[in-house]
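Novice: Numbering (the numbering used here), first residue to last: 37 to 191.
Among the hints, erroneous ones may be present.
[Unchecked claim] Pairwise CB distance ranges (calculated):
id, residue 1, residue 2, range
1, Gly148, His178, 17 to 25 Å
2, Glu91, Asp136, 25 to 33 Å
3, Asp176, Gly105, 37 to 45 Å
Treat the hints as calculated values from the structure; they're not laboratory data. Every residue gets a Cβ at the ideal spot worked out from N, C-alpha and C, and that includes glycine.
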Amino acid sequence: MKDVGRARPWVATVLVAWLGLASAHAYLETASPEAYGMWTASAGPIVLGFSMAVEIGFSRFELVRLPDGFAGGGSRGVDVAERGGLDAFARQHLARAAPDDRLPLTVTPPRGRAERLELRADERIGPGAFLLAYRVLAVDGHVTEGLLVFFVGDE
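Sequences and hints are given; from them, build the entire structure.
Specialist: This is the structure we're talking about:
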C-alpha cells in the first residue's frame, strides 16, 4: 500500500501535463470584424487575437472576395443555423476563387511571434462579402485553420 501513496504525485504530474498538451493550440479568441459582422474598411485593420502566440513566418492568411449576393450581401443578419452551410460554400469558393478575387494582405507584425495580428488589404476593398482564411502555426507546434466571413458596407 505504501507504493500507491508514492504514485499519487507522479499520476497528478502526468495528468496535469496531458491536460496542458490537450489544450495547446492557437485558437482564435477575438476578431474584428466578428464572424458574419458588418465592417467598413475605414474602421482600420482586420484584427485577430489568438489564445497563444503564432509563428508569423509559418502562418498564412488569405482574403477572398465572395460572389455578389452571398447571404443577401449582409443586408440581413445571418442566422446561426445558416452558418454551417454558408461556411461550407465559402470554403468551396476559397478553393476555386479567381486570382482577381484574392486580395493581398500585409500582416503586422511582419515576422516573429505574436498573439494579436493586424491585417490590412493592400488595395481598397469595396462593399460586399469577404472570406478571411487563416492557417497559423502556434509556438507549441500545433497548426490551427479557420475562416471568418464578414461583410463590408458603404463608407
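Novice: Under the constraints set out in the numbered hints, which ones does this structure not fulfil?
Specialist: none
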